[in-house]
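Q: Position chain B against the provided structure of chain A, taking the given hints into account.
Chain order of the listed sequences is A and B.
Going letter by letter, the first sequence gives residues 1051 to 1488 in my numbering.
Going letter by letter, the second sequence gives residues 1051 to 1488 in my numbering.
Each hint should be verified, as a subset may be incorrect.
To be verified - Quick list of simulated restraints, FRET-style, between CB atoms:
| no. | chain 1 | residue 1 | chain 2 | residue 2 | range |
| --- | --- | --- | --- | --- | --- |
| 1 | A | Arg1366 | B | Asn1388 | 31 to 41 Å |
| 2 | B | Asn1394 | A | Asp1146 | 17 to 27 Å |
| 3 | B | Thr1475 | A | Pro1315 | 25 to 35 Å |
| 4 | B | Asp1443 | A | Lys1084 | 19 to 29 Å |
| 5 | B | Arg1239 | A | Lys1059 | 31 to 41 Å |
| 6 | A | Tyr1144 | B | Gln1275 | 49 to 59 Å |
| 7 | B | Gln1473 | A | Tyr1144 | 27 to 37 Å |
| 8 | A | Glu1432 | B | Gly1487 | 23 to 33 Å |
| 9 | B | Asp1209 | A | Gly1207 | 33 to 43 Å |
| 10 | A | Arg1366 | B | Gln1393 | 26 to 36 Å |
| 11 | B | Asp1410 | A | Asp1146 | 30 to 40 Å |
| 12 | B | Gly1276 | A | Lys1440 | 36 to 46 Å |
FYI, nobody ran anything at the bench for these hints, they're computed from the structure.
We put the CB at the ideal spot given by N, CA and C, even for glycine.
Number of protein chains: 2
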Amino acid sequence: MKEGIIKPKTLPGFMELLPNEQILFNKMKDIIRKSYEKYGFLPLNTPIVESADVLLAKAGGETEKQIYRFQKGDNDLALRFDLTVPLAKYVTQYYDKLSFPFKRYQIGKVYRGEKAQRGRYREFYQCDIDIIGDGKLSIINDAEMPLVIYNTFKELGFDDFTICINNRKILNGLFASLELKNEATEILRIIDKIEKIGAIRVKEELLKIAKENQVETIMKFLNIQGDNNSIIKQLEEMKITDETFSEGLSELKEVVKFITLFEVPEKNLKIDLTIARGLDYYTGTVYETFLNKYKNLGSVCSGGRYDNLAQYYTDRKMPGVGISIGLTRLFFLLTDNNIITMQNQSISDVLIISMGNEYDVCAKIASKLRQNDLKVQLNIEEQKLGKKFKYADKINVKYVITIGENEVENEVLTLKNMDTGEQKTVKIEEAVKIIKGE
Amino acid sequence: MKEGIIKPKTLPGFMELLPNEQILFNKMKDIIRKSYEKYGFLPLNTPIVESADVLLAKAGGETEKQIYRFQKGDNDLALRFDLTVPLAKYVTQYYDKLSFPFKRYQIGKVYRGEKAQRGRYREFYQCDIDIIGDGKLSIINDAEMPLVIYNTFKELGFDDFTICINNRKILNGLFASLELKNEATEILRIIDKIEKIGAIRVKEELLKIAKENQVETIMKFLNIQGDNNSIIKQLEEMKITDETFSEGLSELKEVVKFITLFEVPEKNLKIDLTIARGLDYYTGTVYETFLNKYKNLGSVCSGGRYDNLAQYYTDRKMPGVGISIGLTRLFFLLTDNNIITMQNQSISDVLIISMGNEYDVCAKIASKLRQNDLKVQLNIEEQKLGKKFKYADKINVKYVITIGENEVENEVLTLKNMDTGEQKTVKIEEAVKIIKGE
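The shape of chain A in the complex, shown without the other chains (with noise of 0.2 Å):
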């Protein structure tokens, strides 16, 4: 190497996808935008680099010690760790331009400084839905989510999977029940475990800061199963009296139901008691997703409802609800897993070869296939033909058009199916048909 050079590389923690990769992970990003779009979720695109003290007024501990924080002349910036507090900050804003209850997607790039660990990211995509009321919002929009989660699932190929929701107000009028108010966060912390340690182990550990017959209550309730409605049916009878508790339920009661309306089907959306999601934000509905084959993967969309968006900023009340899903890790998990794999990803319909010279020839099918609304490449560079169909093949382009000496005097051309091998020399008009699948 000449002196001066430098050696090119990508940051740890920072995913840089292959042409094919990407073509795939685009078409993932595409499905998510589509399917938000269609239940009349809005388009919003705020900046990454935003004023420090706007991004961070509500940040502290560990988020605060992940932000890429830094100075530009007088300016004290960062960039955005998530989507939720430059929505906060936008609908403050804008407050008077906007109509309420306001939904909006965004998928974007967020940034946290985390430790670079296989997996783990420091520049990933998040797409995010989520709806604004002013003062209030219904509690139906609380079904709505699992609706757009099941649709944008299904619509990326999943069949089996299963949005858990669950209610905080239940697990809260609980712990009040119990008197063990001041346990909650502890205890929910406990519970959000059972996955991972079993029953036996979370038992153990509540035993540590509630008496025998709080934790018998608190098991008996972790055991509740069945179908939704059997579900709703043993929490009602388990008669606890406190009014969040009834609250909770009733809401949980009102969203299955609308769930059901939207025919989101039963397989696919369970209620589990054992879902606590963080432990401050959210204070009413919560929900996570599973692959059902790849449980261990952990939740691919997660999401809830909050009582109030934007207290950092305004007065003013804002409940919410939403969901966000992870691309970037859900993309490296799905191709690490080999959920998904990457063959036959291509931009293009066909690649148009010149054996020797014949370029005129060349660029003249290539504009009469476009005009036929086909994606045309031309590889006419003074390359050997065998480099030629490397490109091709790395292309993982369909159909291969080869224009040579004897097709330019037969006015013919030579269309090859780089799937089946099979080849034909035919006229422009039947290459369109076959190349359309017509």
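A: Coordinates of chain B only, in the frame set by chain A:
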């Protein structure tokens, strides 16, 4: 305001749009992407944050001052300031896994800490395509660029635009033949201003650095007019024997020939011998694109041929040709000059409104309409009817369905066309047909 509340604000120079503006912006972005993909350019999505030494390998002077550069832990980081440097890094880093000529597009945000002023952005979208050769790259690729520009601007809805092309070798060869090689940079700088200051002042300025007979030849050259073939003929008739000049002329002829084979109309493509495009980077064909009615806005799509993409990362010679659309600036210019307007931008086909508490029926109708592939929004809040219709106005939706007691009883719905004000009571099947425009 209560204590601790922070004023929500967006940094100057960072574009943040309202939803109806964002819908239009996204439409433009989608059109550009689709057009780029049509011609076989592969998608790339490199990180926004890179190692500063990699990103700044080539930079210096003005560029370096504008960079957002910062430390995180031990890492010296920077935000990308264009999409060309990341491309150079990418093709070197993944050289073995790519197939050449490597065609890629990238549409993404880049960052420059310029002085904030109206219409100047610090965060803005660039939409780039490039074709990179390994060692060499056919001149026919230079003809594909105007084809893609032509298709893109047609698809964006423009008709009256001109893609101007030139070849730097013609200019360089001319100066060499006049023995003005050392003055070339200065002469190009002066010529570049011809649109702004006019031919007379250009001549005056040239006379300060060149002799009268030299300036005569340059002015004769700049006065060459006519259609493309006529310009080429006049260039030939200048009988300039310089080798670089001949090479440039022969390249220009070849490019014009293939642009014609690609069926780009001559009214949209003109040779413009005054175009030089920057001073160092481009080495052959150069492009600028103007909206003819708004030529004062400057070029809306520019680019050119370069000899050596990645010289700071590799010894390997990688010539390329590319163009770039500055979408954020273009969007600002188009909206600020009322060339495009935000009217009738909607994400949804229909909004369903409950008159009272007919929530169940509204949910069922939403499901039914969604099964018919319609984009449906529900407004089932406890809001006054007037507020709900104001919401319909804000989201620009064309059809509104209202459901009240009467509709529930008779199993019909009331469908209003918001454009015409026309209102009908119909069965759901008929509503589907009307909304779909069948």
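Q: Take the hints in turn and mark each one as holding or not.
A: For each hint, the structure was consulted:
At about 34 Å, the beta-carbon gap between A/Arg1366 and B/Asn1388 stays in the expected band of 31 to 41 Å. With their beta carbons about 22 Å apart, B/Asn1394 and A/Asp1146 fall inside the hinted range of 17 to 27 Å. Distance hint check: the CB atoms of B/Thr1475 and A/Pro1315 are about 33 Å apart, consistent with the given range 25 to 35 Å. Taking 19 to 29 Å as the suggested C-beta distance range, the pair B/Asp1443 and A/Lys1084 conforms, at roughly 25 Å.
A hinted range of 31 to 41 Å for the beta carbons of B/Arg1239 and A/Lys1059 is consistent with their spacing of about 37 Å. At roughly 51 Å, the beta-carbon separation of A/Tyr1144 and B/Gln1275 lies within the given 49 to 59 Å, and the hint holds. A hinted range of 27 to 37 Å holds for the C-beta pair B/Gln1473 and A/Tyr1144, which are about 32 Å apart. Taken as a hint, the range 23 to 33 Å is violated for the pair A/Glu1432 and B/Gly1487, whose Cβ atoms sit roughly 51 Å apart.
Taking 33 to 43 Å as the suggested C-beta distance range, the pair B/Asp1209 and A/Gly1207 conforms, at roughly 40 Å. Checked against the given bound of 26 to 36 Å, the beta carbons of A/Arg1366 and B/Gln1393, roughly 30 Å apart, stay inside it. A C-beta distance of roughly 34 Å is found between B/Asp1410 and A/Asp1146, which places it inside the suggested range of 30 to 40 Å. For the hinted restraint 36 to 46 Å between B/Gly1276 and A/Lys1440, the CB-CB distance of approximately 44 Å keeps it satisfied.
In this structure, only the earlier hint numbered 8 is contradicted, and the remaining ones agree with it.
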